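Trainee: Each chain, written out:
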Amino acid sequence: MPHVVKSTILDAPTDAVWNVLRDFNGHDHWHPAVATSTIERAQAADKIGCVRRFKLKDGSELREQLLALSDLEQTFSYCLLDTPMPMFNYVAHVRLLPVTDGDRTFWQWESRFTTRPEDRDGLTQMVAEQIYQAGFEAIRHHLKEAA
Amino acid sequence: MARVYVSTVVNARNDRVWARVRDFNGLPNWHPAIAESRIEGGEPADKIGCVRDFRLRNGDRIREKLLGLSDYDMFCTYSILESPMGVENYVATLRLTPVTDGDQTFLEWTAEFDCAPERETELVGNIGGGVFQGGFDALKRAFGG
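So the protein lines, in turn, are chains A and B.
The first sequence begins at 195 in our numbering and counts up by one.
The second sequence begins at 215 in our numbering and counts up by one.
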């Protein structure tokens with residue numbers, strides 16, 4: 195089972211980063227791969243179990259469900275329900291931890307999923323670089339613009 | 215119960231930083247406040263339950279017991295058996311987590327303990343800002359940032 199783990203340091207306090215990341219319906223505001231985002235059935239974006247529907251820049255759609263969200267721990271988890279890619283059992287976790295030395299943020303984004311053997315390396319690389327690492331860079335840029 | 219949480223980033227891969235801090239008898243090799251250390255009973259320093267008896271540069275003596283050590287998760291947990299600090303039920307953990315972006319290491323050093331209420335602020339400051347951050351600063355210097 196592929197296990198992707200990516201992490202970075204952001205030069206902003208965890209509260210500022212969490213303020214952006216905790217909005218399960220807000221990834222279209224910052225992630226370069228996401229064109230639009232809506233929550234199904236008009237539910238609140240911090241209601242556990244809510245489903246977001248992404249339209250990606252390439253036109254494909256995917257649905258993801260919020261599994262856990264903690265303002266105390268500054269973590270959230272979600273899974274993929276529908277995707278055009280051959281990815282199954284995808285569960286991802288995001289967590290923020292304070293870097294007290296300099297009032298910065300440690301951000302970790304990780305997931306496990308199953309797939310066909312021939313797609314394993316390509317999908318692992320795609321998740322790590324185009325979703326997670328690109329997300330890091332986008333948030334870095336987003337925070338700079340907001341400041 | 216008082217809590218201390220201090221964290222930093224060191225500009226080196228986590229396996230290199232871990233090699234430096236995993237030795238439970240190695241504090242004098244990297245922490246500027248520690249003058250000398252020995253493991254009681256001639257036990258190996260990575261035997262869970264071993265006791266280190268070390269002396270600070272200010273002359274204080276502290277005995278600490280190794281409660282947990284993981285090369286896989288890169289953490290070390292220990293308790294204080296004897297110290298002049300006036301703390302009870304002191305348990306601390308030093309944990310390393312990789313920062314994949316730039317091959318750095320995220321270090322967290324936490325402690326929980328009981329003490330007289332009027333001394334809590336002073337002790338949290340000394341342990342977090344003094345002992346833990348002092349160790350981090352030395353590691354950052356050793357690894358160039």
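What the hints contain is simulated information worked out from the structure, not anything from laboratory work.
Treat the hints with care, as some may be off.
[Said to hold, decoys possible] Stretches of chain B that chain A covers, calculated by requiring three or more beta carbons in the stretch to come under 8 Å of a beta carbon on chain A:
1) 221-234
2) 308-318
[As the list claims (entries may be wrong)] To give an idea of the interface, some chain B residues facing chain A are shown, with a C-beta separation under 10 Å as derived from the structure:
3) Asp285
4) Val345
5) Gln347
Bear in mind that the values here come from a model prediction, so they are computed numbers and not experimental data.
We put the beta carbon where it would ideally sit given N, CA and C, even for glycine.
Trainee: Under 10 Å, Cβ to Cβ, is where Asp285(B) needs to be relative to chain A, so tell me if that hint holds or is violated.
Mentor: violated (17 Å)
Trainee: At a threshold of 10 Å, is the proposed contact between Gln347(B) and chain A supported by beta-carbon distances?
Mentor: Since chain A brings a Cβ to about 7 Å from Gln347(B), closer than 10 Å, the hint holds.
Trainee: Can you verify the interface hint for Val345(B): is its Cβ closer than 10 Å to any Cβ in chain A?
Mentor: This interface hint is violated because 14 Å lies over the 10 Å limit.
Trainee: Quick one: see if chain A covers the segment 308-318 of chain B, three-plus residues with Cβ-Cβ under 8 Å.
Mentor: The restraint on the segment 308-318 of chain B holds, since 7 of its residues have a Cβ under 8 Å from chain A and three suffice.
Trainee: So is the segment 221-234 of chain B in contact with chain A by the C-beta rule, three or more residues under 8 Å, or is the coverage claim wrong?
Mentor: holds (count 3)
Taken one by one, the earlier hints fail for this structure at numbers 3, 4, listed in ascending order.
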